[in-house]
Amino acid sequence: MDKRREVAVLSELDKKLINLLQHGLPVCERPFAQVAEQVDSTEDEVIAHLVDLKERKVLSRFGPMFDAVYLGGAFTLAALAVPEEDFAKVTEQVNSFEQIAHNYRRTHYYNMWFVIGTESVEEIEQVVQGIEEKTGLEVLNVPKLKEFFVGLYLPV
Amino acid sequence: MSENNNIALTSLEREYIIATQKGLPLVAKPYHAVAEQLNISVEQVLSMTKDLQERGIIRRVAAVPNHYKLGYQYNGMTVWDISDEHAEKFGQMVGNLPFVSHCYLRPRFLPKWNYNLFAMVHGKTPEEMHQLRSQIKELLKDVLVERNDDSSQNIPTQSNDMLTSTEILKKTGLRLKDKTA
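Protein sequence lines correspond, in order, to chains U and E.
For the first sequence, my numbering begins at 1 and goes up steadily by one.
For the second sequence, my numbering begins at 157 and goes up steadily by one.
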């Protein structure tokens, strides 16, 4: 199995830290000292565990999470209905566009779903057209009209 | 809100985003490194962080876990065809469910795509995924749109579906480019 997909072995302190820090970290000069108090530990121990979790890739990133719209670009979600026999070729064609941020295979007639992130709205159109020309398939382009919630919480 | 708002940031705020978007260092005083890089005081960095958070530019300061390492092997994009007049109210209700990580209203493209509400769920087993989908369905059951199947189209028209991910084909972060680099 893909190594990224292996389930990590976690201590009780690891679990407490993962659950607490997904919600948020206090914004102050020594945030881990405050976190340590909440989990009955010490600042040094908390930092050591977090460094370990990051090295083991249990935590991928740690810090401010920005709303992508403020990063000054344009985004959309798009999909293709790819014939099974062409899937590998089309994956390569789509991924070759540097503006493709995420791409997932999903169980549906539309079996390839990807996020396009660009510097401008015009560039989104160009990428959509580029993908259609390269793959010969019609892109389903569904930009968000309204956002209700974004925030992942996975309790352990 | 559209996906392409251009919100004016000060040049210092842009520098702050570039300095922190890859994450904060895991040290006792993580904001000191940012202060040094931006050539401002730690107090200024902390007040800027709080201000950006209040303005919604920072969603939160937090840790991002790897789903798979925590045992969440499945992610499902549940999609729903709900009546337009109820979309905002019910979209918000679905977004408020604790197990929904992303929830958006998106355009339909009839007849090939009839779903306007998207809600992402995560689970450890296929059974758990179906259970989460059922909970959303219970909430939306009175506002789901029933459409007549168009047999001339080779696409089934249902009121809802769940598109489970079976493979990551590409995953890179969205980043603000450092234009000075």
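Keep in mind that the hints were calculated from the coordinates and are not lab data.
Remember, predicted model here, so these are calculated numbers, not experimental data.
Misleading hints may appear alongside valid ones.
To be verified - List of simulated lysine-lysine pairs, BS3-like, C-alpha gap at most 25 angstroms:
1. E:Lys-268 <-> U:Lys-134
2. E:Lys-293 <-> U:Lys-89
3. E:Lys-293 <-> U:Lys-146
4. U:Lys-89 <-> U:Lys-57
5. U:Lys-54 <-> E:Lys-326
6. E:Lys-280 <-> E:Lys-268
7. E:Lys-206 <-> E:Lys-185
8. E:Lys-280 <-> E:Lys-327
9. E:Lys-327 <-> U:Lys-134
Here's how the hints hold up against the structure:
{"no.": "1", "hint": "E:Lys-268 <-> U:Lys-134", "verdict": "holds, 22 angstroms"}
{"no.": "2", "hint": "E:Lys-293 <-> U:Lys-89", "verdict": "violated, 36 angstroms"}
{"no.": "3", "hint": "E:Lys-293 <-> U:Lys-146", "verdict": "holds, 20 angstroms"}
{"no.": "4", "hint": "U:Lys-89 <-> U:Lys-57", "verdict": "violated, 30 angstroms"}
{"no.": "5", "hint": "U:Lys-54 <-> E:Lys-326", "verdict": "holds, 21 angstroms"}
{"no.": "6", "hint": "E:Lys-280 <-> E:Lys-268", "verdict": "violated, 31 angstroms"}
{"no.": "7", "hint": "E:Lys-206 <-> E:Lys-185", "verdict": "holds, 16 angstroms"}
{"no.": "8", "hint": "E:Lys-280 <-> E:Lys-327", "verdict": "holds, 21 angstroms"}
{"no.": "9", "hint": "E:Lys-327 <-> U:Lys-134", "verdict": "holds, 21 angstroms"}
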